[in-house]
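Chemist: So you can see what is in the structure, the chains are spelled out below.
2 protein chains.
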Amino acid sequence: MGIKVTDVVKQLESPVENMESTVDSLLFGNGDDEVNGILVTFVASHFAIEHAKKIGANMIITHEGIFYSHNQNDKVLKNNEVYAEKLELIKNSGIAIYRFHDYIHKYTPDLITEGLIQRLEWDGYLERHNHTSSILAIPPMSGEKIVAYVKEKLSIPFVRVVGDLSLECARIGLTVGFRGGGETAIPLFEKENVDLIITGEGQEWETPEYIRDAGVQGKKKGLIMIGHAASEEPGMEYLAEKLKSYFPAIQTTFLSNENLIHAK
Amino acid sequence: MGIKVTDVVKQLESPVENMESTVDSLLFGNGDDEVNGILVTFVASHFAIEHAKKIGANMIITHEGIFYSHNQNDKVLKNNEVYAEKLELIKNSGIAIYRFHDYIHKYTPDLITEGLIQRLEWDGYLERHNHTSSILAIPPMSGEKIVAYVKEKLSIPFVRVVGDLSLECARIGLTVGFRGGGETAIPLFEKENVDLIITGEGQEWETPEYIRDAGVQGKKKGLIMIGHAASEEPGMEYLAEKLKSYFPAIQTTFLSNENLIHAK
Chain A
1 MGIKVTDVVK
11 QLESPVENME
21 STVDSLLFGN
31 GDDEVNGILV
41 TFVASHFAIE
51 HAKKIGANMI
61 ITHEGIFYSH
71 NQNDKVLKNN
81 EVYAEKLELI
91 KNSGIAIYRF
101 HDYIHKYTPD
111 LITEGLIQRL
121 EWDGYLERHN
131 HTSSILAIPP
141 MSGEKIVAYV
151 KEKLSIPFVR
161 VVGDLSLECA
171 RIGLTVGFRG
181 GGETAIPLFE
191 KENVDLIITG
201 EGQEWETPEY
211 IRDAGVQGKK
221 KGLIMIGHAA
231 SEEPGMEYLA
241 EKLKSYFPAI
251 QTTFLSNENL
261 IHAK
Chain B
1 MGIKVTDVVK
11 QLESPVENME
21 STVDSLLFGN
31 GDDEVNGILV
41 TFVASHFAIE
51 HAKKIGANMI
61 ITHEGIFYSH
71 NQNDKVLKNN
81 EVYAEKLELI
91 KNSGIAIYRF
101 HDYIHKYTPD
111 LITEGLIQRL
121 EWDGYLERHN
131 HTSSILAIPP
141 MSGEKIVAYV
151 KEKLSIPFVR
161 VVGDLSLECA
171 RIGLTVGFRG
181 GGETAIPLFE
191 KENVDLIITG
201 EGQEWETPEY
211 IRDAGVQGKK
221 KGLIMIGHAA
231 SEEPGMEYLA
241 EKLKSYFPAI
251 QTTFLSNENL
261 IHAK
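Chains as they are written, first to last, in the working numbering: chain A, 1 to 264; chain B, 1 to 264.
Do not take every clue at face value.
Pairs count within a copy or across copies, as identical chains cannot be separated in the list.
No farther apart than 25 Å at their CA atoms in a straight line, the calculated lysine to any residue pairs in the SDA-like style are these [as the list claims (entries may be wrong)]:
1. LYS219 to ASP74
2. LYS264 to ASP164
3. LYS145 to ASN259
4. LYS53 to LYS219
5. LYS220 to ASN257
6. LYS220 to SER256
7. LYS220 to HIS129
8. LYS191 to TYR107
9. LYS151 to ASP33
10. LYS53 to GLU258
11. LYS91 to VAL216
12. LYS78 to SER25
13. LYS264 to TYR149
14. LYS78 to ASN130
15. LYS220 to HIS262
16. LYS191 to ALA137
17. LYS91 to HIS101
18. LYS220 to ILE138
19. LYS153 to HIS262
20. LYS75 to PHE178
It is worth saying that the hints were derived from the structure and are not from the lab.
Let's have the full structure, built from the sequences with the hints guiding it.
Modeler: Right, here's the structure in full:
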């Protein structure tokens, strides 16, 4: 008897106490199906589903929602052709798709954040993981140098920056995904005394405007928005490595999505 | 007897039916004060408040919240030094600050959107204003040309783009501010058959991922994220012009904030 879809899901959720309210679930497919291969990706795009079919993976683990929303999006997508074609592809493929978002962020530490820190090769500089952020104490370097370093390590074409990046940075706050907003990021400047925050994305009128005001007051701070996918993909790739050790008999493949957003 | 702060507020809110739930209000200052001068700006930054003091304007009209949040943000900003210094500046200045967000978006048409269309010199191409978007039918040109055109008209250093911008675009959906998310933007591709959406900002995993999937399915679409401030500042400048005609006796000044976010 082989490993079932539900066995993989149980393994993934096992390090975390049962969550009553979560977006994580088996979106498509049959929990009793035997798993022939797993594709792990940041978001199960149309291309990712075709790719899973091609390589014979009958289970996909996706971090973000597959229909362009954190939650279900049925009203928006009613009579939508792109949605309909993707839905048909999924149903015809018989592939099981498991959304793995809330549980993986609840790992101790958050596996998504841990994956990013490893990719940046900053494991040795970790001071502390907080609930929605991590604090790093790195050898001091300018914001500009950090920008170049991060772009190279993550293979991304650009980042968005706020503040004076000639600033020498030693304490860094790291928040993945859409945790660049004021509620998560601003307290790190004050309570954690960070020089710079590196985040995925966040509302433009929140943390950036805070940095503008701080700068005018002579309190220099910096922000680097590396992009949502760039901040969370390394964590999903890290997960794929873990799955290989949990289920060595199953072929597990990580698919990196192409850079989607470009600066012009 | 001169014009009071409340007179200006009444004039601003007069084209719209009374809203029961709104973030718009007199955040600071005294409604009975006589207005000596008005400063209009996208967000009343620390610098903007100092500038109002300098030019003798005792009323500021701000579109976005002044403490780094759409709503009140007291918990986040407790014991925050940047907040405390800005608050002290405001209180010492005696300047009245009026938040003008929901009402101006409720104008018929939305004055913020109208200001952007005028700045783009696309008034002649307007097909229709919807509730949260406007549809334009422009002389066909490539997405790349539109990028260059928009950057030049708005004096912005970069935009973020998604999709194949060699695409010839004739129908454009315009959504200002944080209306680039899937709920607002995605239906425009299907229901309004637009080639391209120009927006302020929006969640990266929503509309961009939709465009990715559409492209793989052979349905080419494009997205240009010009930035939240870039999409709404022209509307606030347009408002300043209107105020000059409503209150010719009052010195009204528009302050454009410096570009805050840069691509590196």
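Chemist: Now, for every hint given, state plainly whether the structure supports it.
Modeler: Here's how the hints hold up against the structure:
no.: 1; hint: LYS219 to ASP74; verdict: between (46 Å within a copy, 20 Å between copies)
no.: 2; hint: LYS264 to ASP164; verdict: both (21 Å within a copy, 13 Å between copies)
no.: 3; hint: LYS145 to ASN259; verdict: both (22 Å within a copy, 22 Å between copies)
no.: 4; hint: LYS53 to LYS219; verdict: between (53 Å within a copy, 21 Å between copies)
no.: 5; hint: LYS220 to ASN257; verdict: between (35 Å within a copy, 18 Å between copies)
no.: 6; hint: LYS220 to SER256; verdict: between (35 Å within a copy, 22 Å between copies)
no.: 7; hint: LYS220 to HIS129; verdict: within (24 Å within a copy, 42 Å between copies)
no.: 8; hint: LYS191 to TYR107; verdict: within (24 Å within a copy, 41 Å between copies)
no.: 9; hint: LYS151 to ASP33; verdict: neither (40 Å within a copy, 52 Å between copies)
no.: 10; hint: LYS53 to GLU258; verdict: within (18 Å within a copy, 49 Å between copies)
no.: 11; hint: LYS91 to VAL216; verdict: between (55 Å within a copy, 18 Å between copies)
no.: 12; hint: LYS78 to SER25; verdict: within (22 Å within a copy, 38 Å between copies)
no.: 13; hint: LYS264 to TYR149; verdict: both (21 Å within a copy, 12 Å between copies)
no.: 14; hint: LYS78 to ASN130; verdict: between (40 Å within a copy, 19 Å between copies)
no.: 15; hint: LYS220 to HIS262; verdict: between (28 Å within a copy, 16 Å between copies)
no.: 16; hint: LYS191 to ALA137; verdict: within (15 Å within a copy, 50 Å between copies)
no.: 17; hint: LYS91 to HIS101; verdict: within (22 Å within a copy, 44 Å between copies)
no.: 18; hint: LYS220 to ILE138; verdict: within (18 Å within a copy, 44 Å between copies)
no.: 19; hint: LYS153 to HIS262; verdict: both (18 Å within a copy, 20 Å between copies)
no.: 20; hint: LYS75 to PHE178; verdict: both (23 Å within a copy, 20 Å between copies)
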